[in-house]
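There are 2 protein chains.
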Amino acid sequence: MDITIIGSGNVATQLAVALKSEGFHLLEIASANFEHARELAERVKVEAVAHPSMVNPMVDLIIIAVTDSAIPEVVKQLPATQAVIVHTAGSVDMSVLDRFVNRGVLYPFQTITKTKEVDFSHLPILIEAANTLVCDVLNHVALQLSNKVTYATSAQRKQLHLAAVFANNFVNHMYAIAYDLMQQSDLPFEILQPLIDETAAKIKSIPPRQAQTGPAQRGDVPIMEMQLNALPTPELKEIYKLLSSSIIQSK
Amino acid sequence: MDITIIGSGNVATQLAVALKSEGFHLLEIASANFEHARELAERVKVEAVAHPSMVNPMVDLIIIAVTDSAIPEVVKQLPATQAVIVHTAGSVDMSVLDRFVNRGVLYPFQTITKTKEVDFSHLPILIEAANTLVCDVLNHVALQLSNKVTYATSAQRKQLHLAAVFANNFVNHMYAIAYDLMQQSDLPFEILQPLIDETAAKIKSIPPRQAQTGPAQRGDVPIMEMQLNALPTPELKEIYKLLSSSIIQSK
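Read top to bottom, the protein sequences are chains A and B. Those letters in the first sequence? Residues 49 to 299, per my numbering, in order. Those letters in the second sequence? Residues 49 to 299, per my numbering, in order.
Everything labelled a hint here was simulated from the structure, so no lab data went into it. Warning: the hint list may mix true and false statements.
In this list, chains with the same sequence are indistinguishable; a pair is considered to hold if it fits within one copy or across any two.
[To be verified] Subject to a maximum C-alpha distance of 35 angstroms in a straight line, what follows is the list of computed DSBU-like cross-link-like pairs (lysine-lysine):
| # | residue 1 | residue 2 |
| --- | --- | --- |
| 1 | K196 | K252 |
| 2 | K252 | K93 |
| 3 | K68 | K289 |
| 4 | K285 | K196 |
| 5 | K68 | K299 |
| 6 | K285 | K68 |
| 7 | K289 | K124 |
| 8 | K252 | K299 |
| 9 | K289 | K196 |
| 10 | K285 | K299 |
| 11 | K124 | K252 |
| 12 | K124 | K285 |
| 13 | K93 | K285 |
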């Protein structure tokens, strides 16, 4: 299978390296930034192409791995092709590729650290396909890279993003509040780390609702009142009240 | 050093086993439940005592490891003693032991799983002491069990509990909301696990405030509005709004 990659950033680089090491044949790398394309092309020993309009349309799979906002422009520039053609963006609808009959999405659900080399084998990959040909090709490629391949529509990818805001962004904000509270009492934040690790690990074996503990879950009103009083700002009191009442309602 | 333990529940058992294996000499185990005391005493090969009033006061250290609400009763029952005497409860003030001159607290900051054997070496232990004699004894004992020993007053322990509500209980509730959102879109929750692990691991190397990502942190209003609309209940919208605005204010 001949694969061409458009882009030379993190995702493009990580995919190029991983595909190459899985034995796929990379045909060309194209990027708006020709210097970057050349660097990446040299690294994986393939040809660099100066512009998306110049890629060979007689290829099996074209992967557009550029920033979300650059996808529509790349789509315009590409030559007409029967190749399977996908983008790698979680929050962009597959319909951005409507020009191409064999369109799809190959979305590696990246974690937040962009600098580290990505171990694709443990990374969930979400695929979407306009037809069964695309589905077969993407399944084949994705399963070579990862053992966690899930079919997901554009709407499902949006919902995944929303869930990730709670599981990552809001969780991290809870850590930040705990960090401040510890600092205010001259306590080392590290004391909380084993608890934080165990909280994250526990939900691998039981659903989070069943793992819920604490004063709100127990309905321990005196402790909740004491803790509300101890919080230093109206904003933190508001968060404490809202989340406690949400836990109580979820029981 | 001769040590007597009051109690036969989880903490008492874990402490007895750990102290024994560190080479401390356990003198007696006393418990309101004599059967339990006998079982534990047999396990660590020491004498069981039928009632706290009957323990030998000529011992170096007495550890009261009973449920929070049972501590005052045990304190009443114990004989007068010059021994160092501590309880193991995070949320109980040291002053509950005012009867005894050499009082203190030895609080293993337990994680939530009560069934597993506890590895004390990675467990933070908080100590509090009424005088330097107590402080020396507790430091000696705690440092044998763990390399994470911190001195903390009763007020600091309360604040730690409050921080733990955010870092554990509220975090777990965020996981539960993410779980529901994934289920509503027929997505496997496991897709989020690598992200959850990385979020928990990241704050070992950088403070959580610096690790913050997401639409609120970026000030991405269109995404926030889209996500607010996608949330299925007024309660979830309220949580999303409050936490997003709190993240924005923290920048």
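Exercise. Can you give the numbers of the hints that this structure goes against, from lowest to highest?
Worked result: 2, 3, 5, 6, 7, 11, 12, 13
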